[in-house]
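Visitor: Given chain G, put chain V in place with the hints provided.
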Amino acid sequence: MDIMPKWVDIIIVPLLSLFLAAFLSALLIIAIGESPIAALNLMIEGTLLRSAGWGYMLYYTTNFIFTGLAVSVAFHAALFNIGGEGQAMIGGLGVALVCLFIPWPHWTLAIVGASIGAAVFGMIWAGLPAYLQAKRGSHIVITTIMFNFIAAGVLNFFLVDVLKPKGSMDPASANFPVSTHLPTFQDIASLFGFEKAFRSAPANVSFFIALLACVAVWYLIWRSPLGYEIRALGKSGPAARYAGVRPVKIIMIAMMISGALCGMMAINTTQGESERLILNFTEGAGFIGIAVALMGRSHPLGVLLAALLFGFLYQGGAELALWTKIPRELIVVIQALVILFTGALSLMVRAPLESFFMSLRKAKE
Amino acid sequence: MIEFLTLLQVLDSSLRLATPLLLVCLAGLFSERAGIFDIGLEGKLLAAAFVSAAFAAITGSVWLGLLAGILASIMLSLLHGLASITLRGDQIISGVAINFLAAGLTVVVAQDLFGQGGRTPPLKSGGRFEPINFPGATSSKEMNEAGPLMQFYSELLSGHSLLVYVALLTVPISWFILYKTRYGLRLRAVGENPAAVDTAGISVRGLRYSAVIIGGVLCGIAGAYIATSLQANFTKDMSAGRGFIALAALIFAKWRPWYALSACLLFGFFFAVDTRFQNILLPAWFLSGFLILIALGLLSYVWKKDYLDKAVLGGLAVGISIIAFLVIFSVWDTGTSSQIKIPVVFIQSLPYVLTVVVLAGFVGKAIPPRAGGQPYVKER
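Protein sequence lines, in the order shown, are assigned to chains G and V. The end of the first sequence is residue 365 by my numbering, with every number in the run present. The end of the second sequence is residue 1380 by my numbering, with every number in the run present.
Just so you know, these hints were derived from the structure itself, not from any lab. Don't be surprised by glycine CBs; every beta carbon is placed ideally from N, CA and C. Wrong hints could be hidden among the right ones.
Said to hold, decoys possible - Simulated coverage check for chain V against chain G, where a stretch passes if three residues somewhere in it have a Cβ under 8 Å from a Cβ of chain G:
| # | segment |
| --- | --- |
| 1 | 1084 to 1098 |
| 2 | 1338 to 1351 |
Unchecked claim - Derived pair list, reagent style DSSO-like, types lysine-lysine, alpha-carbon separation capped at 30 Å:
| # | chain 1 | residue 1 | chain 2 | residue 2 |
| --- | --- | --- | --- | --- |
| 3 | V | LYS1180 | V | LYS1378 |
| 4 | G | LYS362 | V | LYS1305 |
| 5 | V | LYS1305 | G | LYS325 |
| 6 | G | LYS249 | G | LYS235 |
| 7 | V | LYS1304 | G | LYS135 |
| 8 | V | LYS1305 | V | LYS1254 |
| 9 | V | LYS1304 | G | LYS249 |
| 10 | G | LYS164 | V | LYS1236 |
| 11 | V | LYS1305 | G | LYS249 |
| 12 | G | LYS6 | G | LYS364 |
| 13 | G | LYS235 | G | LYS6 |
| 14 | G | LYS135 | G | LYS235 |
| 15 | V | LYS1378 | V | LYS1254 |
| 16 | G | LYS249 | V | LYS1310 |
| 17 | G | LYS164 | V | LYS1341 |
| 18 | V | LYS1124 | V | LYS1236 |
| 19 | G | LYS135 | V | LYS1254 |
| 20 | V | LYS1305 | G | LYS135 |
| 21 | V | LYS1254 | V | LYS1310 |
| 22 | G | LYS166 | V | LYS1341 |
| 23 | V | LYS1180 | V | LYS1254 |
| 24 | G | LYS235 | V | LYS1341 |
| 25 | V | LYS1378 | G | LYS6 |
| 26 | V | LYS1124 | G | LYS325 |
| 27 | V | LYS1310 | G | LYS135 |
| 28 | G | LYS6 | G | LYS135 |
| 29 | G | LYS6 | G | LYS325 |
| 30 | V | LYS1254 | G | LYS249 |
This is chain G alone, in the form it adopts within the complex:
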């Protein structure tokens, strides 16, 4: 029995959680001695009122869509993929190998190759923990955490000992050839005669791939037999098994899709932005995916909206750090509060709403 109407569950609960997080952050800003209203104005000005601000925001958003979708797919199978960070790092390695060692004639082909490379590498990195969960019963949360650290080690090894060009001190790969460089929003806008739009912002065509990924995940989860099996296993393991779903297969597939999506984040950061493989290019996006998936209720549309919100927060946070004494880490606090209210303390948000709708129903009867 649903106590609350569906729209309350989908719209009011996340908004209320967001409001609570925003309220506590505002208190923190006041405690620092700044004005929350002025801070919000500054964030909006630096993000939504300038095309370059949009360019940065959508760049972050692209990362968060990929990782948010990845965490969502795993959530649907009742798996918690906390290893997005590591899968993205290994995905970046895949992008670098594809871009450096295959002579691509044009970026349109290179992006397909890089996407496949990123997805396959991310898939392998998620596949091992998935196998250990499915066949050996080791807890996926712990193994994916361990794989994050191992991935950092692997990336470090490749950058310091293998891919670093001779004579360079920087732990980074060589620059990718020009033919693999992706058009940025600035390049696209110039095609239509707006040379000044999105100036020097990192957003690039991989944003559209992220949008495609949203549609693909929606189709997979809600319109395909495989998605049905994933959701069935997530809702009830014994019931799904009784209906003929093979848990081992579904755990493997769900996690590998999740890993592939995380890995594909690297086409945005590595091929699109830095145009070479660098250390720490993931910048915690794998973890932000958790907040995005929780906030977006594991639905692609929700993930898209939550990713836009977090993109706004990240770009806005950079503006705040530039112009006020509020450090960038304020965004990490907001992110923690969002995870707390939408995930761990969700009963605290829902219980008053549920009793409110309960009393409404009783009044009607």
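Guide: Positioned in the frame of chain G, the structure of chain V alone reads:
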């Protein structure tokens, strides 16, 4: 050949690096034995490190710093308890949130208080835990002339801060509490079968809250140790994943106190080796022989298993053999006695790799407390 004194110095720094791991590991032990998964150990460690350094810097007293650090860590424990015990929320998500909360808040508050880019100012002598020198221990200048027994006494046993000895003491105390007291029996029972504990008329909530608070105290001491003893101020993200390594050690130790001590000392040893020796050389043929043995072991294991086992473990075996052949290939010209440099990151990743191997159950299966991670709902 490595000198005896060098070995002692490495063991000495292993002990110092193992101390925070040990305290955090035991914190996780209490919490997880009571059925509460704690991913937020890292966050509690970081928060305690900051608060203790900040208080020690402002008041000039390390004891007030320690107390404040413990209180901060307990606050986060209570938040975790509220989410996962009272509100029956997801324990993993709550832990993730606590990690972010600590990572963000410490820097925001540090920047506001001290304005040094998220650091605290360096602590003066009263604000730090100083090394305790045992009676009769030689000073480091005369260490070279001293006899081996004296070196052992002065270098390894003496000269640590108080908290190192406290950490070592918590091991027998935890063992005693968990295995020799009524409270410990109940605590272990609540992590295996909370319904049975509830039926016996004992409060599941009370036990679980007490466990997470004990965890908070231990994380608090660990945080104070890294900020006021291992280093002399707080720096951004200074916990550096220790909370997760402690979690790995906890699994490696299979949720038992004495094993936790050995696991943490082993992991501490890896870090000490890693900081002390920049280049670790191994005979190349020996290394690749060892890798090929592992690969053959995996292949023989999957011989009669199903398709998925063959694909994953077989793939792993192929990968390992490729690395083995690359090793041989790289030293082909220089003959059989050549040595190969082990990358530093490999030693750093070793704790995590070992934990995954243990989790996979190929070598000594690790089985967590049965009711771990599930909120307890009392029947009505």
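Visitor: Each hint needs a verdict: does it hold in this structure or not?
Guide: Cross-check of the supplied hints:
For a cut-off of 8 Å, the count of residues in the segment 1084 to 1098 of chain V with a CB near a CB of chain G stands at 12, and the three-residue condition holds. With 5 residues carrying a beta carbon less than 8 Å from a beta carbon of chain G, the segment 1338 to 1351 of chain V meets the three-residue requirement, and the given coverage holds. Restraint check for V/LYS1180 and V/LYS1378: the C-alpha separation of about 28 Å stays at or below 30 Å, so the hint holds. Proposed proximity of G/LYS362 and V/LYS1305 is contradicted: the alpha carbons are some 59 Å apart, above 30 Å.
For the hint linking V/LYS1305 to G/LYS325, the alpha-carbon distance of about 60 Å lies beyond 30 Å, and the restraint is violated. The straight-line distance between the Cα atoms of G/LYS249 and G/LYS235 is roughly 16 Å, inside the 30 Å bound, and the hint therefore holds. With a C-alpha separation of about 15 Å, the suggested pair V/LYS1304 and G/LYS135 falls inside the 30 Å cut-off, and the hint holds. Taking the CA atoms of V/LYS1305 and V/LYS1254, the gap is about 27 Å. The hint holds against a cut of 30 Å.
For the suggested pair V/LYS1304 and G/LYS249, the alpha carbons sit about 19 Å apart, so the restraint of at most 30 Å is met. Only pairs whose Cα atoms come within 30 Å are accepted, and G/LYS164 paired with V/LYS1236 is accepted, the gap being roughly 28 Å. Among the hinted pairs, V/LYS1305 with G/LYS249 is consistent with the structure: their alpha-carbon atoms are about 15 Å apart, no more than 30 Å. A hinted pair counts as satisfied when its Cα atoms are at most 30 Å apart, and G/LYS6 with G/LYS364 qualifies at roughly 18 Å.
For the hint linking G/LYS235 to G/LYS6, the alpha-carbon distance of about 18 Å falls within 30 Å, and the restraint holds. Among the hinted pairs, G/LYS135 with G/LYS235 is consistent with the structure: their alpha-carbon atoms are about 20 Å apart, no more than 30 Å. With a C-alpha separation of about 29 Å, the suggested pairing of V/LYS1378 with V/LYS1254 holds against the 30 Å cut-off. For the hint linking G/LYS249 to V/LYS1310, the alpha-carbon distance of about 14 Å falls within 30 Å, and the restraint holds.
A distance of roughly 17 Å separates the Cα atoms of G/LYS164 and V/LYS1341; the hinted pair therefore holds under the 30 Å criterion. Between V/LYS1124 and V/LYS1236, the direct Cα distance comes to roughly 19 Å. Compliance with the 30 Å bound is thereby established for this hinted pair. Our distance criterion of 30 Å between C-alpha atoms is met by G/LYS135 and V/LYS1254, whose separation comes to about 20 Å. Note on V/LYS1305 and G/LYS135: the hinted pairing holds, with a Cα-Cα distance of about 11 Å set against a maximum of 30 Å.
Annotation: proposed proximity of V/LYS1254 to V/LYS1310 holds, straight-line Cα distance about 28 Å (limit 30 Å). Proximity of G/LYS166 to V/LYS1341 is assessed by CA-CA distance (about 18 Å); at most 30 Å being required, the pair is judged to hold. For the hint linking V/LYS1180 to V/LYS1254, the alpha-carbon distance of about 19 Å falls within 30 Å, and the restraint holds. With a C-alpha separation of about 50 Å, the suggested pair G/LYS235 and V/LYS1341 falls outside the 30 Å cut-off, and the hint is violated.
Proximity of V/LYS1378 to G/LYS6 is assessed by CA-CA distance (about 28 Å); at most 30 Å being required, the pair is judged to hold. Distance check on the hinted pair: V/LYS1124 and G/LYS325 sit about 27 Å apart at the alpha-carbon level, within 30 Å; holds. The suggested pairing of V/LYS1310 with G/LYS135 holds, with an alpha-carbon distance near 12 Å, which does not exceed 30 Å. A threshold of 30 Å between alpha carbons decides the hint, and for G/LYS6 with G/LYS135 the separation of about 37 Å lies outside it, so the pair is violated.
Our distance criterion of 30 Å between C-alpha atoms is broken by G/LYS6 and G/LYS325, whose separation comes to about 42 Å. Straight-line distance between C-alpha atoms of V/LYS1254 and G/LYS249 comes to about 29 Å, which keeps the hinted pair within the 30 Å bound.
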